[in-house]
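Those sequence lines, one after another, are chains A and B.
Here my numbering = 1-based position in the first sequence + 273.
Here my numbering = 1-based position in the second sequence + 167.
Just so you know, these hints were derived from the structure itself, not from any lab.
One thing to keep in mind: the hints can contain errors.
Here are some of the chain A residues that sit facing chain B, going by a computed Cβ distance under 8 Å [said to hold, decoys possible]:
#	residue
1	338
2	395
3	396
4	399
5	401
6	402
7	403
8	404
9	405
10	406
11	409
12	413
13	414
14	417
15	418
We put the CB at the ideal spot given by N, CA and C, even for glycine.
The lines below spell out each chain.
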Amino acid sequence: MDLLDTFFNVPILIRTFPLLLAGLAVTIQIGATSIVAGLALGLFLCLVRLYGPRPVVLLARLYIDIFRSIPLLVLLIVVYYALPFVGIRLSPFLSAVVALTLVSGAYTAEIFRAGIEAIPAGQFEASRALGLGYRDMMVDVILPQAVKIVIPPLTNNCINVMKDTALASVVAMPDLLKQATQAQALAANPSPLIGAALIYLAFLWPLVALVSRFERRMGQGTR
Amino acid sequence: MAGIIKISNLSKHYGAFAALTEIDLEIAEGEVVCVIGPSGSGKSTLIRCINLLESYSAGGIITVDGIPVEPGRHLAQVRAEVGMVFQSFNLFPHMSVLRNIMLAPMRVRKMTAARAEEKARELLARVGIAEQAEKYPGHLSGGQQQRVAIARALAMEPRVLLFDEPTSALDPEMVGEVLDVMRALAGTGVTMVIVTHEMGFARQVADRVIFMNGGRIVETGTPAEIFDAPREPRTRDFLSAVLNH
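Chain A extracted, bound-state conformation (with noise of 0.2 Å):
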């Protein structure tokens, strides 16, 4: 049939393939690092926007609005092609990882808010009243409640980086889709890029399962 040998062309499929899993080793290793250090500048932010002095709560606000405001694509064509221009030349990779971080940092650390807003008064009132410090509150008492209550919103933005790594394409980078894009126009069929769609598709559809999972058990209310 006409419609399976332009979409999914089995030999075609087969013969990408290996370049196909060099791009999703790629599309991986961005996302990866870009949620580990997007979770660090976010629980920096966070902490800072809720418990800084005055001025540095309104830079972290700045921050957070901004990186929330700005389309990734623009941020990352402006990473790429505009700071070269002062001199700050960093590589695709660098480029991808750093334009999905700092907007990935905003969204945590309105998720790392909401997780800490989200615990009663009375426990660090209590905390208080015993004489615990701030950071023995912050450790023994609040993230770890925190933690429980934001890991859904987490695995939820986790999903969103890894989709977003796909931009990274348009910075050269050989990421999961680029190197579709480049292996349908080799064979001159579409079929990679129906690949890389499966892909995508099997590596994130049990993450959003396990985003479901986790909001119907808390929703359950395991207190």
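Place chain B on chain A using the hints.
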């Protein structure tokens, strides 16, 4: 009698609303003081100022054992000496009962885990729930949770214990077990300041009763003076309302 808590000229405002107005109060070491009064009279706010869970207006002075209660270096010292029991228990839900009690002694007093556990088990036995040590707060009844909260406060060996309506969130059949624990504590020399609606308990246990209304101390005296011969009309009105319902 040396005053362990000294409060002078204490005021607090929420915007235009005066929650506390020019409170002067001295509480002696070992004294058991019950604070009574209608809701919104400032009772809770008053005791929450003593460990600075609430800030208060400039000009007021509170000291605990001579240490000023104000933001800064001394605050940790004050809070280590002043335990608090809340209306809604505020146990840490992600820790076992034992860990709830051990946490502050280990972090603040730098006690070893073994020593803190030994002490926690002693305290649980003292409040009558030794067998619940490994459970999580969510699996205990309200009365049991409040007894854990008392044990948690005691683990810091505080010189002052503040109780903020400790039985108000409890089912009626559990009020007695918590009051029993508090009654036993009253004889141990620890200074207690108790905000309560349990008039029978206040009459029986308090060395001194303070009646508050509208953010001011209206009347203070022995239980007999306050309950049997209140001087102020406002005190009489309040007592007749709560005692003859």
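Hints, one by one, checked against the model:
Against a cut-off of 8 Å between C-beta atoms, the interface hint on residue 338/A is violated, since the closest Cβ of chain B lies about 29 Å away. Evaluation of the residue 395/A hint against chain B yields a held restraint, the C-beta minimum of about 4 Å falling below 8 Å. With 8 Å as the threshold, the beta carbon of residue 396/A comes within range of chain B, its nearest partner Cβ sitting at about 6 Å, so the hint holds. At a threshold of 8 Å, the smallest CB-CB gap from residue 399/A to chain B is about 4 Å, leaving the interface hint in force.
At its closest, the beta carbon of residue 401/A sits 6 Å from a beta carbon of chain B; the interface hint therefore holds under the 8 Å criterion. The beta carbon of residue 402/A is positioned within 8 Å of a beta carbon in chain B (closest approach about 4 Å), and the interface hint is therefore held. For residue 403/A, the interface hint holds, since its Cβ comes within 8 Å of a Cβ in chain B; the closest pair sits about 4 Å apart. For residue 404/A, the interface hint holds, the least distance from its beta-carbon to any beta-carbon of chain B being 4 Å, beneath 8 Å.
A hinted interface residue such as residue 405/A counts as satisfied when its beta carbon comes closer than 8 Å to some beta carbon of chain B; here the least separation is about 6 Å, so the hint holds. With its C-beta approaching chain B no nearer than about 7 Å, residue 406/A sits inside the 8 Å limit, and its interface hint holds. Because the beta carbon of residue 409/A sits about 4 Å from the nearest beta carbon in chain B, less than 8 Å, this interface hint is met. Taking 8 Å as the C-beta contact cut-off toward chain B, the hint placing residue 413/A at the interface holds, the least distance being around 6 Å.
Here the hint on residue 414/A is kept, as its CB sits about 6 Å from the closest CB of chain B, short of 8 Å. Among the interface hints, the one on residue 417/A holds; its C-beta lies about 5 Å from the nearest C-beta in chain B, closer than the 8 Å criterion. A cut of 8 Å between beta carbons decides the hint on residue 418/A: the least distance to chain B is about 5 Å, and the hint holds.
In terms of the numbered hints stated before, the structure departs from hint 1 and from no other.
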